[in-house]
Amino acid sequence: MASRPSGATVYGRKNTPNTASAFVLTHSDFQKTLLNGGWIAVSAGPFADTGKSSISTDWLVDTGIEVRVNVFASFGINLSFGKSLKDSQRSLFVRQGF
Numbered sequence: 004m005a006s007r008p009s010g011a012t013v014y015g016r017k018n019t020p021n022t023a024s025a026f027v028l029t030h031s032d033f034q035k036t037l038l039n040g041g042w043i044a045v046s047a048g049p050f051a052d053t054g055k056s057s058i059s060t061d062w063l064v065d066t067g068i069e070v071r072v073n074v075f076a077s078f079g080i081n082l083s084f085g086k087s088l089k090d091s092q093r094s095l096f097v098r099q100g101f
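Numbering (this note's numbering), first residue to last: 4 to 101.
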C-alpha cells in the first residue's frame, strides 16, 4: 500500500500494517499551475491519501503538499511533504513524475 507520508519502513524494518494482499487506497490531490514556460512547468497543491488494509483495524489518513516539476513535458519529479494523521510522523517523498 503506497501512501505518500506513511513510510514503507519503521526503524529500518518493513511496516507490516502497510503490507497486505487486500486493501483500499485513495489518492486525492489538487494542483495549481505556478509556472508554464516553454520547457518547464511547475505546479503545486495539497493532497490527502487514505487507506485501509485487511490486517489493520485502523485507517491511514495522510495530508500534505506536493510540488511537481516537468521538463520538456517528458521528464518530471514530484516532491511531497506530508504528515500522517495517525501517528503525526512527517516525511519527504520524492518520485519520478510523468
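Note that these hints are calculated values from the structure, not bench results.
One or more of the hints may lead you astray.
Pairs of lysine-lysine residues, derived as DSBU-like cross-links and limited to a Cα-Cα distance of at most 30 Å, are as follows [stated by the list, open to error]: (1) K55 with K35; (2) K35 with K86; (3) K86 with K55; (4) K35 with K89; (5) K89 with K55.
We went through each hint and held it up to the structure:
1. K55 with K35: 29 Å, holds
2. K35 with K86: Roughly 21 Å between the alpha carbons, so the hint for K35 and K86 holds.
3. K86 with K55: Roughly 17 Å between the alpha carbons, so the hint for K86 and K55 holds.
4. K35 with K89: Distance of about 27 Å is within 30 Å: holds.
5. K89 with K55: 12 Å, holds
Of the hints listed earlier, there is not a single one the structure fails to meet.
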